[in-house]
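Line by line, the protein sequences are chains A and B. Taken in order, the first sequence gives residues -13 to 139; the numbers are from the numbering used here. Taken in order, the second sequence gives residues 720 to 886; the numbers are from the numbering used here.
These are computed hints drawn from the structure, not numbers from a lab. These numbers come from a predicted model, not from an experiment. Misleading hints may appear alongside valid ones.
Calculated cross-link-like contacts (lysine to aspartate or glutamate; reagent style DMTMM-like; alpha-carbon spacing at most 25 Å) [said to hold, decoys possible]:
(1) A/Lys(-10) / B/Asp778
(2) A/Lys(-12) / A/Asp132
(3) A/Lys(-10) / B/Glu782
(4) A/Lys25 / B/Glu800
In case you want the letters, here they are:
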Amino acid sequence: MKWKEKDAAMYLAEKEYVDTAVIPLMPVTAGKDMQDVVKSGEFIRYFTEYLERQYAGRVYLFPAFTYIKTKQVPEEQLKHWQELLREEGFNHFLFITSDASWRRTSADSFGELFWIPAFSVENMEVQELAKTMEQQVQQLVPLMMDMWQSEEK
Amino acid sequence: MSEKNHRVSRRQFLTYTLTGVGGFMAAGMLAPMVRMALDPALEASGGAEFVSVGLSEDDLSEEPQRVDFNVEIVDGWYTSEQSRSAWVFLYEGEILALSPTCTHLGCTVNFGTNEEYPDQFFCPCHFGRFERDGTNIPGTPPTRPLDVYDVEVRDGMIYLGQINQRG
Ligand code: FES
């Protein structure tokens, strides 16, 4: 489900089935690194949108957690998101990012951190983009299945 | 500028704005009505055109095959190409093209990915299952069969049209 009114209504009606929050972690900057940061952001956006389409009934794709790119990523603030969503019934948290800074944080202790190197998708046709994202998302599927299985013990 | 003037101008501003918005909304509502009145065919087709999926009739077997193709989607104020998929195969001599969207809450189903049920469509989200012809299996979350695409064969090639609900 996406950040859309229709999906929010569906979520509220079917809450018990939607237990996974997907949160893209998206740095912002201006200046000389901007193109690179935007490129990664675009990749993460397509990646998470593809993921959402495959698992729309169990996954809620939130708007990106957006922050200014510095060495110190705002993990406390992310934790607040997680706590709020946990209180509302989400059980699994998937943080998806190309920003390597998150690997040195505790994000993995209150959710699953999936770090993936981005590449440019700028010149891809729709069909090629879909194929590419399918392959990229495949890398995440085992992690997600494990995450889901761990609960159905 | 005097206080009085200021108030008037603010009220005028609001009036203009509201008229503007109202007019805009009325135009938005009228436009489709006018279009429908002028061209009923636009409505009847449901907007879905038949698109080729790059598969010929001879490529089909009883084994469901996934095909990917593009359709035009209007989302908010963007019109964009989006990829779509279908499972296409022969079922009792007819061409069947099923939508991969689970009728429970919309995850994407795959064929034969659950080892225990190799001859069924399987939804990984809440373990929904469907028979080969798309019929939902009682006791799993989906409550209606997978949707079907309209199918057309033109010069031996498969074309898919709009998606229809069953059951
Ligand atoms: S979305 Fe397929 S079983 Fe729930």
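Outcome of the hint check:
1. A/Lys(-10) / B/Asp778: Roughly 39 Å separates the two Cα atoms, so the pair is violated.
2. A/Lys(-12) / A/Asp132: At roughly 23 Å apart (the allowed maximum being 25 Å), A/Asp132 and A/Lys(-12) satisfy the hint.
3. A/Lys(-10) / B/Glu782: violated (37 Å)
4. A/Lys25 / B/Glu800: holds (20 Å)
Hint check: violations occur at hints 1, 3; the rest are consistent with the structure.
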